[in-house]
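So the protein sequences, as listed, match chains Z and A.
Residue 1 is where the first sequence starts when you use our numbering, and the numbers rise one by one after that.
Residue 1 is where the second sequence starts when you use our numbering, and the numbers rise one by one after that.
Don't read these hints as lab results, they were simulated from the structure.
One thing to keep in mind: the hints can contain errors.
Simulated restraints on C-beta separations [said to hold, decoys possible]: (1) A:Arg77 to Z:Ser316: 53 to 59 Å; (2) A:Pro300 to Z:Gly311: 27 to 33 Å; (3) Z:Ser316 to A:Asp312: 17 to 23 Å; (4) Z:Arg24 to A:Arg86: 57 to 63 Å; (5) Z:Gln268 to A:Arg273: 25 to 31 Å; (6) Z:Ser316 to A:Asp251: 53 to 59 Å.
Partial list, computed: chain Z residues near chain A (C-beta under 10 Å) [what the hints assert, rightly or not]: (7) Glu22; (8) Gly280; (9) Pro363.
The C-beta atom is built at its ideal place from N, Cα and C for all residues, glycine as well.
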Amino acid sequence: MRFSLNREALLKPLQQVVGVVERRQTLPVLSNLLVHVGPDGVSFTGTDLEVEMVARTAAEDLVEGEVTIPARKLFDICRALPDGVRVKIEQNGERVAVNAGRSRFTLATLPASEFPTIDNIELVERVTLPEATLKDLMSRTAFAMANQDVRYYLNGLLLDLRDQALRCVATDGHRLALAETKLEAEISARRQIIIPRKGVLELQGLFEAGDGTVDLEFGRNHLRLRRGGVTFTSKLIDGRFPDYEAVIPIGADKDVRVSREELRSALQRAAILSNEKYRGVKLEVSPNKLRIVAHNPEQEEAVEELEARTGVAELSVGFNVNYLMDALAALGGEEILLSLRDAQSSCLLRKVDSDDTRHVIMPLRL
Amino acid sequence: MRKIIHIDMDAFYASVEQRDDPSLRGKPVVVAWRGQRSVVCAASYEARVYGVRSAMPALRAERLCPDAIFVPPDFTRYRAVSRQIREIFLGHTDLVEPLSLDEAYLDVTTPRSDLGSATAIARRIREQIRETTALTASAGVAPNKFLAKIASDWNKPDGLFVIKPEAVEAFLTPLPVGRIPGVGKVMDGKLAALGLRTMGDLRGWTVEALEQAFGRYGRRLHELARGIDLHRVMPDRPVQSISAEDTFATDLALEALEAPIRELAPKVWAATRKTDRIGRTVVLKLKTNDFRILTRSFTPGHVLRSEEELVDIALALRERVTLPASTRYRLVGVGMANFREADEVAPQGALFDA
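Please take these sequences and the hints and turn them into a complete structure.
See below:
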C-alpha cells in the first residue's frame with residue numbers, strides 16, 4: 001500500500017473521519033483508520049461501531065492495498081506538517097512510513113481484516129433533497145435531543161417520512177422540536193427512523209454551504225448519506241419514538257404575537273436572575289402586553305415588559321428560559337406566535353406565517 | 001462542652017444468631033463464611049473465652065475453639081436490627097453518626113427527649129434496645145467521641161460507663177496508650193519504645209516532640225492525652241426536616257404567636273438554604289400550657305421561593321388550630337419537612353407520561 005498527495009488533500013478527509021473515532025476504545029483497531037488504496041485514489045474509514053465515516057480523495061503514486069493506522073496520530077502529524085508539503089505514505093511490513101519534506105514517521109498498524117465496516121445497508125428507500133434543506137431541518141430540531149436519557153429512543157433525532165414530506169423531530173421529554181419539508185418525489189411508505197445523537201452531530205458537521213442535493217438512503221437498520229467524497233453511515237436506534245403528534249397542543253387558543261428578537265433579548269436579560277438550577281421565568285400575559293419575571297434564591301428580581309398582540313385577559317405560566325431561547329433561535333423569522341392554554345399545559349411556538357417549524361415546551365411549576 | 005454517647009452492640013452478629021436460634025445460646029458461636037481465606041465476622045462471648053476475635057482467620061478460630069458452631073452471616077437480618085436501633089437513636093437526637101451496622105455516635109448536647117442528662121439518655125437507649133431487639137448494647141458517655149468510644153468498651157458487655165468532664169484527667173492518666181482507638185500493635189510498640197505506656201506518660205511530652213516522632217498524628221496524640229477531641233458527630237442521614245422552636249417566658253394566645261413565628265421562620269429559611277435538598281412541607285408546631293403538642297402542616301404545589309412565603313404559610317396554619325380561643329401556648333415551632341433531592345421535586349412538566 002502506497003500513495004502520495006499534498007498535505008491539504010490529505011488533511012481534509014482525515015478531518016472528516018477522525019471525529020468519529022472515540023478516544024477511549026474497547027477494541028484497539030477502533031482507534032485506527034482503515035486506509036484503502038484502490039485504482040482511483042485512497043479512502044479513509046473511521047468507525048465507533050455505531051457511526052461510520054468514509055472519506056475519499058485522489059492521490060498519485062498508488063500501490064493498491066489496505067491497512068489500519070492510528071487515527072489520532074496520523075491526523076495530528078498531518079495537521080502539524082507545513083503547508084503545501086508533499087506527503088508520501090507507504091506500508092513496510094507491519095509498519096507505515098509517513099514521509100513529508102524532511103520529516104519521517106513510522107507508525108504501527110493493525111491488519112485491515114480486523115477492521116469492522118458496514119457494507120450493505122439493505123436499502124429500502126432513497127430520498128433526494130437539497131443539502132441546505134436537510135441542514136436547516138436538523139439545525140432547527142437537533143438541539144432538543146435528549147442526552148444519555150434512560151429512554152434511549154430520545155437520545156437521537158427522528159426522521160419521519162410521510163405524506164410527501166420529511167419531518168425531523170427531537171425531544172428530551174420536556175420540550176419538543178419539529179421541522180418539516182415537502183419532498184419532490186414519491187415515497188413508497190411511511191417510515192420512521194431514529195438517528196443516534198452522535199450520528200446527528202457528525203452529520204451536521206458534514207454539511208457545507210451550497211445548492212447541491214444529498215441522497216438519504218434508508219436501510220433496514222442504517223441510514224446512509226453520500227456527499228461529495230464522503231459516505232456517512234449510522235446505525236439506527238432500535239426503539240419506538242413516542243407519539244409526538246399527541247403532545248402538540250391543539251387546545252392552546254390563547255395566542256400571543258410578539259417580535260422574536262424583542263422577546264429573545266428580553267429573555268436573555270431576565271435569564272440572568274433566574275434560578276440557576278431550574279432556569280425558571282414567568283410569562284405573564286395581559287391585553288397587548290407580555291411581562292417576563294425572573295427570581296433567584298437570593299431574592300433578586302428581573303422584570304421585562306414588551307408589547308404583544310394578544311387578547312388574553314390574564315395568564316401566567318412558568319418556563320425554563322433556556323428552552324424558550326433555544327426555540328426562538330431555531331424558529332427564525334420576524335414575528336412569532338406563542339399559543340398557551342393554562343399554567344399546566346404546554347406552549348406551542350411557531351412563526352406567524354408558517355407551521356413548518358413547531359416547538360412545544362412544557363411549563364415549569366413555579 | 002458537648003455530650004456524646006457511643007453505642008456499641010455486644011457481639012452483634014453472633015448475638016442476633018443466638019437470639020434467633022435458641023440452640024446456639026450459651027454456646028461458642030462464630031459468624032463466618034466457610035472457606036480457606038474466610039475471616040471471623042463476629043464471635044459470641046462464649047467463643048471469645050477461647051481467644052476467638054473478629055477479623056481473625058476462620059481457620060485459626062477453628063483451631064482455637066474446635067467446638068465453636070460456625071454460622072454464615074446473614075446481613076439482611078443484621079441490617080433490619082440495625083434499622084431498629086437507628087430509629088431508637090433518632091428518637092433522641094438528629095445527630096447520629098453510624099460507624100457500622102452495630103455502632104454509632106450520638107451527639108445529645110441538645111437532645112430531642114427531655115430525660116435530663118446524657119447518662120439518662122444512654123440508659124434509656126440501652127433499655128429500648130433490649131425491649132425492641134432483645135439484644136444488649138454497651139454505651140459510653142463522655143464529652144467527646146474519643147472518650148465515649150473508650151467508655152463504651154469499659155464495661156462491655158451490657159455495660160454503661162460515664163466519663164464526666166471533671167473526671168477526664170483522672171481517668172486518662174493511668175490509661176494504657178493501647179486503649180486509644182486506632183492505636184494497634186505497631187503504634188503501641190513505637191510508643192513503648194519511647195517509654196510512652198500510659199496517657200499520663202504521653203502528657204509529659206510537648207506537642208513538638210510528639211510531632212517530631214509521629215508527624216501529624218503526634219499532634220493528635222498530644223490532644224488525646226489531654227482528653228481533647230474536636231471531631232464532630234457527623235450525621236450521614238440526608239436532611240429530613242429543619243425546624244426552630246421557642247418556649248416563652250409567659251404562655252401566649254394564638255394571635256400573639258405572630259411575633260415569634262416571624263422570628264423563627266428566617267432561621268429555618270436560612271438553614272434550608274444550606275442544603276441541596278428541598279423541603280416540600282411547612283410545619284407549625286404548638287405546645288399548649290398543659291403540654292399538649294399539636295402540629296399543622298401544608299404542602300404547597302410548588303417549591304417555596306422565599307422567607308415571606310414560609311412566614312405566610314406558617315401564620316396561616318394557625319387558622320387550622322381549632323382549640324378554644326382561651327387556650328394558651330407555651331411553645332411554638334416552625335419547620336420544613338418532607339425534604340427531597342432537588343431532582344425528585346422536578347418542577348419541570350413532562351411531555352410524555354412516565
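A quick look at each hint next to the structure:
Checking the proposed 53 to 59 Å range against Arg77 of chain A and Ser316 of chain Z shows it holds: the Cβ atoms sit about 54 Å from each other. Taken as a hint, the range 27 to 33 Å holds for the pair Pro300 of chain A and Gly311 of chain Z, whose Cβ atoms sit roughly 31 Å apart. For the pair Ser316 of chain Z and Asp312 of chain A, the beta carbons lie near 19 Å from each other, so the given range of 17 to 23 Å is met. Taking the beta carbon of each, Arg24 of chain Z and Arg86 of chain A are about 42 Å apart, not inside 57 to 63 Å as hinted.
Hint check: Gln268 of chain Z to Arg273 of chain A, Cβ distance near 27 Å, so the stated range 25 to 31 Å holds. The hint said 53 to 59 Å for the Cβ distance between Ser316 of chain Z and Asp251 of chain A, and at roughly 43 Å that hint is violated. The criterion of a C-beta within 10 Å of any C-beta in chain A is not met by Glu22 of chain Z, whose closest approach is roughly 28 Å, and the hint is violated. This hint holds: Gly280 of chain Z has a C-beta 7 Å from the nearest C-beta of chain A, less than the 10 Å allowed.
The restraint placing Pro363 of chain Z at the interface with chain A holds, with a minimum CB-CB distance near 5 Å, inside the 10 Å limit.
Comparing the model with each earlier hint shows violations of hints 4, 6, 7; every other hint is respected.
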